[in-house]
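J.: Sequence:
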Amino acid sequence: MLSVYFAGCKKEDSKTLIITGNIIDGNQNKPVVDAEVTFWVSRMVNGTYNPDLIELSKVNTDASGNYSFNITKEKDAAYRITIDKTKYFSRLIDINASDLPAGNHVLNYNILPEAFLKLHIKNVNSFDVTDLILYSIGGNHPTGTNCCSNASNTGLGYSFDKTQICKTYGAQNIKLEWSVKRNGYTTNFDSTIYCIPFDTTYFNLYY
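57 is the number that the working numbering gives to position 57 of the sequence shown; each next residue is one higher, with no gaps.
The set of hints was computed from the structure by calculation and includes no laboratory data.
All values reported here derive from a predicted model rather than from experimental measurement.
Some hints could be false.
[What the hints assert, rightly or not] With a Cα cut of at most 27 Å, we get these calculated DSS-like pairs of lysine-lysine:
(1) K30 to K175
(2) K122 to K58
(3) K75 to K15
(4) K175 to K118
(5) K75 to K118
(6) K181 to K30
(7) K75 to K58
(8) K181 to K122
(9) K87 to K30
(10) K122 to K175
(11) K118 to K58
(12) K122 to K162
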């Protein structure tokens with residue numbers, strides 16, 4: 001008697017989206033521990049796509065900066081990953097759902113540390129009301145309220161005395177450039193400043 005057995009074919013899971021990755025401090029080249037990584041989705045609800053992103057999963061990175069998500073795909077339109085960590089600048093990444101098909105994906109990201117720069121600009125060498133200083137903070141800076149800027153600043157007169165505090169990226173060198181016009185002559189200066197991560201760096205610009 002001949003017995004015939006038919007092995008069932010297991011259907012491949014076409015809805016599982018597995019995301020793993022690593023979060024790195026982009027300026028210090030080290031893993032970011034305990035960063036909050038959140039996965040958001042815009043998907044079809046009651047037959048129509050909901051434009052609002054809903055939080056689907058949230059994890060914290062481990063001691064090596066690693067994170068992972070195991071997501072069940074539905075009729076999704078878009079994804080978003082947000083990364084938050086105290087004393088770091090938050091990051092937001094938007095992803096088309098079609099760019100993340102079911103399967104395994106490795107998504108590594110970096111975030112940048114916060115720092116503050118405190119400048120004290122003061123005229124200490126003249127009693128001339130026509131003294132003029134132009135100065136700018138070169139380098140890579142974030143955008144937003146109270147952030148450092150590459151824009152040129154002006155100070156006029158012998159009594160010019162200003163303290164300026166702004167936020168920038170930590171663990172980077174920035175270039176402070178200034179020119180002083182005095183008695184009809186202009187002299188240019190510059191100085192490289194290292195911005196201490198998670199702290200305030202002080203610089204006195206006395207001219």
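J.: Hint by hint, where does the structure go against what was stated? Just the numbers, ascending.
T.: 2, 5, 6 and 11
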